[in-house]
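If you want the building blocks of each chain, they are given just below.
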Amino acid sequence: MNDIATYCSATYTWAQFTPAFILIGVAAVLLMADTFIKALPKRAYAVTAALSVLLVGCYTVSGEHTNAYSFLACLATGLSILVAYDYTKVSCASIAGGTSDEGTGEFYALPLVACAGILCLTQAADLIMIFVSLEVVTLTSYVLAGYFRRNQGSIEAGIKYLVLGAMSTGILVFGAAWYFGMTGTFILDSDVVIKTLSGSVASGTVAIGFLMSVALLFLGAFFKVGAAPMHVWIPDVYQGAPTPTTTFLAVASKTAGFALLCALVVPFRSKLLAIPGTHVADMLVNVFAVVAGATLLIGNLGALFQSNAKRLLGYSSIGQAGFILVFFLNLNPPDFLKISEHLSGPVEVLTYKYLLAYTLATVAAFFAIAMVRTQRGSEEISAFRGLGKTNPRTAFLIVVSFASLAGVPLTMGFMVKMASFFALVGAMQSWTYLVWLLPIMILTATAGFYYYFKIIRAMYWEKPQSGDKPLCVPFCTACVMTACAIALIVLGTWPLLTAFK
Amino acid sequence: MIQNLPWLFLVLPLLVAAIDWVIFHKCPKTAATLSILSALGTFALCIAYLTGWQTGTADIYTWMPTGSAATSLHLGLTMDELAMRMMLVVTGIGLLVHIFSIGYMKGDNSNLSRYFAGLSIFMFSMSTIVLADNLAMTFIGWEMVGFSSYLLIGHWFHKASAADAAKKAFITNRVGDFGFLLGILLTLGVFGTLTFDKMGTAAAGVAPCLLTVTVICLFCGAIGKSAQFPLHVWLPDAMEGPTPVSALIHAATMVAAGVYMMVRLQISMGTEVFTETARMVIATVGAITAVMAAIIATQQDDIKRVLAYSTLSQLGYMVMAVGLLAGEAAMFHLYTHAWFKALLFLGAGAVIVCCHHEQDIWKMGGLARRMPVTVLCFLMGTFALIAVPGFSGFFSKEAILDAAVVKHPTFFWIGVGVAVLTTFYMTRLCLVAFFGPARAHGAAEAREASPSMLLPLLALAVMAIISGYGFVADYLVPAKGFHAHGFHFGFTFYVSLGALVLGLLAAVVIYGFGKRSADPLSNNFISTALRKRLYIDAIYDKGLVGGLQQCGAHIIEFIDSALIRGLLVQGSAWLVRCIGVLLSRIQCGSLRAYSCVAGLGLLIIIVLIAL
Chain P
1 MNDIATYCSA TYTWAQFTPA FILIGVAAVL LMADTFIKAL PKRAYAVTAA
51 LSVLLVGCYT VSGEHTNAYS FLACLATGLS ILVAYDYTKV SCASIAGGTS
101 DEGTGEFYAL PLVACAGILC LTQAADLIMI FVSLEVVTLT SYVLAGYFRR
151 NQGSIEAGIK YLVLGAMSTG ILVFGAAWYF GMTGTFILDS DVVIKTLSGS
201 VASGTVAIGF LMSVALLFLG AFFKVGAAPM HVWIPDVYQG APTPTTTFLA
251 VASKTAGFAL LCALVVPFRS KLLAIPGTHV ADMLVNVFAV VAGATLLIGN
301 LGALFQSNAK RLLGYSSIGQ AGFILVFFLN LNPPDFLKIS EHLSGPVEVL
351 TYKYLLAYTL ATVAAFFAIA MVRTQRGSEE ISAFRGLGKT NPRTAFLIVV
401 SFASLAGVPL TMGFMVKMAS FFALVGAMQS WTYLVWLLPI MILTATAGFY
451 YYFKIIRAMY WEKPQSGDKP LCVPFCTACV MTACAIALIV LGTWPLLTAF
501 K
Chain X
1 MIQNLPWLFL VLPLLVAAID WVIFHKCPKT AATLSILSAL GTFALCIAYL
51 TGWQTGTADI YTWMPTGSAA TSLHLGLTMD ELAMRMMLVV TGIGLLVHIF
101 SIGYMKGDNS NLSRYFAGLS IFMFSMSTIV LADNLAMTFI GWEMVGFSSY
151 LLIGHWFHKA SAADAAKKAF ITNRVGDFGF LLGILLTLGV FGTLTFDKMG
201 TAAAGVAPCL LTVTVICLFC GAIGKSAQFP LHVWLPDAME GPTPVSALIH
251 AATMVAAGVY MMVRLQISMG TEVFTETARM VIATVGAITA VMAAIIATQQ
301 DDIKRVLAYS TLSQLGYMVM AVGLLAGEAA MFHLYTHAWF KALLFLGAGA
351 VIVCCHHEQD IWKMGGLARR MPVTVLCFLM GTFALIAVPG FSGFFSKEAI
401 LDAAVVKHPT FFWIGVGVAV LTTFYMTRLC LVAFFGPARA HGAAEAREAS
451 PSMLLPLLAL AVMAIISGYG FVADYLVPAK GFHAHGFHFG FTFYVSLGAL
501 VLGLLAAVVI YGFGKRSADP LSNNFISTAL RKRLYIDAIY DKGLVGGLQQ
551 CGAHIIEFID SALIRGLLVQ GSAWLVRCIG VLLSRIQCGS LRAYSCVAGL
601 GLLIIIVLIA L
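Heads up: the sequence lines are chains P and X, in that order. Under the working numbering, the first residue of the first sequence is numbered 1, with each subsequent residue one higher. Under the working numbering, the first residue of the second sequence is numbered 1, with each subsequent residue one higher.
Among the hints, erroneous ones may be present.
Some but not every residue of chain P turned toward chain X, in silico, with C-beta under 8 Å [stated by the list, open to error]:
| # | residue |
| --- | --- |
| 1 | Asp191 |
| 2 | Leu219 |
| 3 | Pro235 |
| 4 | Gly377 |
| 5 | Ala487 |
From chain P, some residues computed to sit far from chain X (all C-beta separations above 10 Å) [unchecked claim]:
| # | residue |
| --- | --- |
| 6 | Ala93 |
| 7 | Glu102 |
| 8 | Ser168 |
| 9 | Thr185 |
| 10 | Phe186 |
| 11 | Val232 |
| 12 | Asp236 |
| 13 | Asn286 |
| 14 | Ala303 |
| 15 | Phe305 |
| 16 | Gly345 |
| 17 | Ala458 |
It should be emphasised that the hints constitute simulated quantities derived from the structure, not laboratory data. Backbone N, C-alpha and C fix where the C-beta goes; we use that ideal spot for every residue, glycine too.
Put together the whole structure using the sequences plus the hints.
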């Protein structure tokens, strides 16, 4: 019995999951308190939840089972709870109606559960753990997306997310079944992969079933990261879901997706498989190249004509995922490309850096959208009109975050986008034909400048209308946006300074 | 730390420029003080290094790594004698000009912080050229001096002529810089490096034709920056800038950068790289410039323009010497010329200020009595320029003529001819402006210049006299192991003395001692042609700017409107728009459509794997 268990699934220690248990515990306490102690103001839950998840984030960095993705997930979750903290006016009106904060407590506590799911995912080494922890994230997200029950858009978003998410989960489970069938284990490990493949080569059959399972697993991960063809849920759900939830989906859920994708490709990084000419390596590169190209085009070109800021950021999150997927073309980065240590490294490190830049900029952008929505009642780009005049400092912070998303030099967004281009150049050393991806990357990076600058244009070129008052920037929003802007600039210039010598 | 100290030459003025510009935008006094202190600081540092203090190399920084050491772009400083002594000229004259500017710009309503920031930026850029240890860095400085020159020529930009002159200088230099950039790329190709120290033997076995092209392309940069024919047109117009700027940038330092760069290349590449053809092209361009500018100078009435053409002519001299492979003589003349031409310009500046901003020499007169010290200093500069024996210019001109007589007698006689003309126009200038009665109200009221202007004049006058003697020149001339030979009574000496006397006599006979009120040589066909600068500017204006531009405009219009705007910009925008709209259409909100898209994608990926 014990043998079968170790063979089918990986072994874990309790310590690996300590942060996840802490978060679940805090969430449970908060949910109980929400039910039984009516006197507490609900915003206190938000503060507790955000603080605890950020502290757990610090713990994951310092703890024994260090994982950068855990930290990023905690950071992203904490910040999205803080978005909710400054969004109470809208959430009260959309949940209980009026100004009552009845029922908003869960809205702050549930992200902790999702975050716990992500923390488990980052420790996962077999498909069962992956499936379970992913479901924890996804099921919580369904609830959060449809949480504004007085808002039709939110309910629609919840339903769409549920249906499409269920489809993707089905695909993932189907892939896991094929994997188990072909390998006899759920463990994701290079030894297993090599054994299966060499066995099939020896017997003269191509392990088509194995490759199929891998493709299905990837498709499940593509759903989470928002890569084509599984991106279809993103625009509608991002636009319809409550802004704090959208923030969570855009940053924390995407982190989970890429953590999963990294876990899936790592077994293929052994020396045997990444040698060009091997069928499996070619197959992986082809799939990732096609998916990255399609994702880049769909995300960036689709964003061009959006007028809703949240929908725009939805397309933006697809487009940015495309740039991250390019890293996956280069599983074994060649040494000669190490122009700067900041621009090269293993795929999971580069992905993490890109996600960090994306998270900082996107969170700041969502804070701005939430603020504009609360005070001007609209999420359209035009609602940002004249902020350059009325709120020059805040407008500048928004400029920094959107400039980083677009990849303006001296921001972190530029550094990571450049790393993405370098990754493609590196992959072209082995697969020359990948050059077709380069014009697509250039075109879509250019398109990014167009649509991200629409917000900047609205802030500086469009005059404020007569009734527009300066926005009153909430304390928490001001702090986080400033911190994000500073981090983006420091992390964008520091590598340049250190690379100078 | 100590290895990084030489970087102060660049960092200090750049920092001061930034501070002047950003922080002390509205406090001209603080800005001026800072700029002067930075000039003083670099000057002191320069003296410290020249007196044997820790000479050596500065740390090299890799600016743009390309993977191979040869093609990576570095930032490094050369600290050899050529560079350090050139720095002394730059910082020394720079400092004096900074001080002079206080008096000259007094009462000027324009933004003085901007002016001093411009001066500091110039000091930074010029130091970059001088200290650069590779051509790429030279090019950076090259463009930066162009930029600072643009700022300073156009300092009074509300005057249309100043704004136009600034543009003209900038655009004309672009033409030369294009060639220079090609030359730099060719150098990288031929020598495999841009670092001066490493060019040494790299060119062995390269086709002479390729070397010729490389050298001439590099020389194009010098043609633009040192205002050689046919790109000389910007320098006379550049006199629209404040006079101290003309003294520093357009007489002493920046325009000499071309000569400095060519000499630096001769040293690092080796003279054998300069093929016969290349040498002849360089010497001929120099000779043409020297003669043409000297002829035009004889009929100029604006005191600064006379000096401007004289600068052109003297630069032609130096370039000619470079072409004759007499780099040491060229640098010697560059060095003496820097001192005495700066003196002449600052003297002219003092005269202009004291005559209420009158620049026409025919509206001056009798200044020798009213401002004797200034005029005396100016005369010292003149004597040096026209090579009166014993003055600095005499020694350096003698060095060039000595080299020419050995290498190529034709150029020797051209040099002598230019010397006659030089003496003639400078004597004319002095006689008309300083002697005889005052011919205008401003000249009649002229008073001696203020101390802040006199002090630099006196300092420069001393240098104009003594800088040619061995006891000074041996230590200060920017050339490796320079040794002044003095002069000897020989063929060259007698010929140049003859030229001097001839020029003096001609001027005195024609202009007397300032008694005439109009130029007796004017009002004829030749004079008109000279006053119109031999119609070269007009030809450029009509032929190049007009004709070429009109013709080019049609072609560019076609390319721009049909190809770029129509096909590329609007076409691609249209295409992108179509795709974008299509993609937005797919996101119609229908759950069935979404599942369908996802399902199709799934199939595609499975097919991809099966292949």
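Hints, verified against the model:
no.: 1; hint: Asp191; verdict: violated, 22 Å
no.: 2; hint: Leu219; verdict: holds, 6 Å
no.: 3; hint: Pro235; verdict: holds, 5 Å
no.: 4; hint: Gly377; verdict: violated, 23 Å
no.: 5; hint: Ala487; verdict: violated, 25 Å
no.: 6; hint: Ala93; verdict: holds, 24 Å
no.: 7; hint: Glu102; verdict: holds, 31 Å
no.: 8; hint: Ser168; verdict: violated, 8 Å
no.: 9; hint: Thr185; verdict: holds, 21 Å
no.: 10; hint: Phe186; verdict: holds, 21 Å
no.: 11; hint: Val232; verdict: violated, 4 Å
no.: 12; hint: Asp236; verdict: violated, 6 Å
no.: 13; hint: Asn286; verdict: violated, 6 Å
no.: 14; hint: Ala303; verdict: violated, 8 Å
no.: 15; hint: Phe305; verdict: violated, 5 Å
no.: 16; hint: Gly345; verdict: holds, 17 Å
no.: 17; hint: Ala458; verdict: holds, 19 Å
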